[in-house]
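Engineer: Spelled out from the first residue to the last, the chains are:
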Amino acid sequence: MSDTSLGTTTTTEIDTETDDEAGRDFGSEADDEMAPSIATVRNPILEAEDLVVQYGDIQALQPVSVGLPEKEVTAIIGPSGCGKSTFLRCINRMNDLVDAADITGSLRFRGKDVYDDDVDPVALRRKIGMVFQKPNPFPKSIYDNVAYGLRIKGQTENLDAAVEQALKRAALWDEVKDQLDSSGLNLSGGQQQRLCIARAIAPDPEVVLMDEPASALDPVATSQIEDLIADLAEEYTVIVVTHNMQQAARISDKTAVFLTGGQLVEFDDTNKIFENPEHQRVEDYITGKFG
Amino acid sequence: MSSKETDGGVVEDRFPLAGGEQLQRKRLYGRLFVGVCLAATMVGIVALVALLADVVSEAWGWLTWEFLTYPPSRFIENFDPSMYGDPETRPAGIYPALIGSIYLIIMTAIFTLFLGVGAAIYLEEYAADNWLTTLINANISNLAGVPSIVYGLLGLAMFVRALNTGSSLLAGALTLTLLILPIVIVSSQEALRAVPDSLRNASYSVGATRWQTIRNVVLPNALPGIMTGTILSLSRAIGETAPLIMIGAATSMFVPPNGPLSAFAAMPMQIFDWARQPANEFQHVAAAGIIVLLSALLLMNATAIYIRNKYDTPT
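Protein chains in written order, with our numbering: chain A, 1 to 291; chain B, 292 to 606.
Just chain A, with the same shape it has in the complex (with noise of 0.2 Å):
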């Protein structure tokens, strides 16, 4: 639904599949007087300083201050319009294409803030891929929607060796090297989303982000994808964005919490975060007593 409503780039996407940010009223008393816990990382390939984002006048995320920790999985888990997607997409700039969204505070990537003026959003995007909620190939060929952030780069060769490794590295190879001609429409949902991993890895990219990538599919694709996001931790760094807290105990190292407001609450290994918590309102959100 949202996808044909917001036909422009100029009427904007404040992604409202996931986070329904707009509109919400954010911010109880007893949120801003929770203290944040965030644990440190060593040498993290990402790092966000007082992070905020407004759309307007709604604040979206609160002050962020975090750091990322390279080749792992880090889960962002909260409930509906906790920020958590808009965080995600302020890495990659993402959020760029949304006229309104006004963005303060730092955001390093490998020590060089990414909303620095000399920063290319596009550059950026080529080093830190993502994936979405819903499966979204384009109507092209298997073949041409891996190849595509390839070709656009300007890669003229080496493209069959390319597309197989993306594909392999994404688990899909054995299933559809037969048909690489076929559209990326005629697969099946987890499919497809293997597909879009496929494609958002392809051009070799340092950190893959993905906004809730298996909320759209069936226990078995998801089981998969999830298989996979533990996989790629090897390559790649992976943020992922869920709803599932079982999912996001499953597959993550480190786990972020955000909360009702657009405030990170807590950042730490995941065990800790699952079974002892700092914050209360962590715990009855993860044993769900809300949300």
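To be clear, the hints were calculated from the coordinates, so they are not data collected in a lab.
These numbers come from a predicted model, not from an experiment.
Treat the hints with care, as some may be off.
Stated by the list, open to error - Pair ranges (Cβ atoms, derived):
1) A/GLU49 with B/TYR417: 31 to 37 Å
2) A/ASP178 with B/GLY530: 48 to 54 Å
3) A/GLY154 with B/ILE401: 47 to 53 Å
4) B/GLY530 with A/PRO219: 54 to 60 Å
5) A/ASP96 with B/LEU342: 31 to 37 Å
6) A/SER188 with B/ALA419: 52 to 58 Å
7) A/ARG110 with B/ALA419: 52 to 58 Å
8) A/ALA123 with B/ASN600: 36 to 42 Å
9) B/ILE401 with A/ASN158: 38 to 44 Å
10) B/ILE401 with A/PRO219: 35 to 41 Å
Stated by the list, open to error - Stretch-level coverage of chain A by chain B, calculated; a stretch enters the list once three of its residues show a Cβ under 8 Å from a Cβ in chain B:
11) 134-147
12) 158-172
To be verified - If you only want the chain B side, here are some residues facing chain A, beta carbon under 10 Å, derived:
13) PRO362
14) SER364
15) PRO487
16) SER489
17) ARG491
18) ALA493
19) SER494
20) THR500
21) THR504
22) LEU510
23) ASN512
Cβ atoms here follow ideal geometry from the backbone N, Cα and C, with glycine treated the same way.
Keeping the supplied structure of chain A fixed, place chain B upon it in accordance with the hints.
Structural biologist: Relative to chain A, chain B alone:
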């Protein structure tokens, strides 16, 4: 309406499942409405069929291959197929106007595609969402309703006079372009808007620039819609007479145009010329011309439908 308050203790309150008088009256209204709608539909269809039947019967026996390939004549005998072998006459037909119309529509198509699709891409993909864009959009929609004779006047002033093109094919094509441009822009905008944002995001997220996204993702997906809208607009343009009269195009030519700046006649004007001839038999010639024009029009519409069906990708 609550029957309890207005009608008191009437029958349908005690036996709610029996229907009752009030319900039957509503049913009757419903059936009457269906009848009215059916009548409205039939009037349109019957009128159209009667018109077509009349034209076809008038043209019967007059529409020949020679009619398509020979220039017109002032003498009715020349059009009569039974006279074709006669050494005193030569066959006559619609040839120069047919070729004129084809050239006219090809040139109009080229101008319209560049200007219309370009404007639509700018307005949909690049223009900021501000009052100026809103104003432009509103005005384009309004321009779509401006009578074609007004565009004829504009074409006369702008192209024939100011740009000094004379009453040429170029002036005609530019005038028709102005005429259909608003419709082409609006339908192209709708086609672009129908491309899901998820595809745009997918393209941006692997590091495509805006132009790469438009070129590789947005345009290919919008193209069937753009083509359909453009062809349907062109089939409106091919039947236009008023703007061509206004820019001073010839009603009847004996040679087809040989370049963009040469004078031309188009089929609607040629038909108009025949229809006002005093000799009664010219009505048959006009009818034959109408069949040719309608065939060209239906062919274009069929192409549009074919393109729409063939490239309509499931999403």
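Engineer: Using the nearest Cβ pair, does B/PRO362 come within less than 10 Å of chain A?
Structural biologist: 49 Å, violated
Engineer: Let's test the interface hint: is any C-beta of chain A closer than 10 Å to that of B/ALA493?
Structural biologist: 5 Å, holds
Engineer: Between A/GLY154 and B/ILE401, does the beta-carbon spacing fit 47 to 53 Å?
Structural biologist: 31 Å, violated
Engineer: Close enough to count: is the Cβ of B/ARG491 nearer than 10 Å to one in chain A?
Structural biologist: 7 Å, holds
Engineer: When you take the CB atoms of A/ASP96 and B/LEU342, is the distance between them in 31 to 37 Å?
Structural biologist: Given about 57 Å between the Cβ atoms, the range is violated.
Engineer: Does B/SER489 pass the interface check with chain A, least Cβ-Cβ distance below 10 Å?
Structural biologist: 4 Å, holds
Engineer: Let's test the interface hint: is any C-beta of chain A closer than 10 Å to that of B/LEU510?
Structural biologist: At about 12 Å, which exceeds the 10 Å cut-off, the nearest Cβ of chain A leaves the hint on B/LEU510 violated.
Engineer: Given as covered by chain B, does the region 134-147 of chain A meet the bar of three residues or more with CB within less than 8 Å?
Structural biologist: Since 5 is at least three, the answer is holds.
Engineer: Using Cβ atoms only, decide whether B/THR500 comes closer than 10 Å to chain A, and label the hint accordingly.
Structural biologist: B/THR500 check passes; min Cβ-Cβ to chain A is 5 Å, inside 10 Å.
Engineer: Taking the closest Cβ pair, is B/ASN512 under 10 Å from chain A?
Structural biologist: OK, holds: B/ASN512 within 10 Å of chain A, min 7 Å.
Engineer: Against the range 54 to 60 Å, how does the distance between the Cβ atoms of B/GLY530 and A/PRO219 compare: consistent or not?
Structural biologist: 59 Å, holds
Engineer: Taking the Cβ atom of B/ILE401 and the Cβ atom of A/PRO219, is their distance within the range 35 to 41 Å?
Structural biologist: Distance hint for B/ILE401, A/PRO219 is violated at roughly 55 Å.
Checked against the numbered hints above, the structure breaks hints 3, 5, 6, 7, 10, 12, 13, 14, 22 and satisfies the rest.
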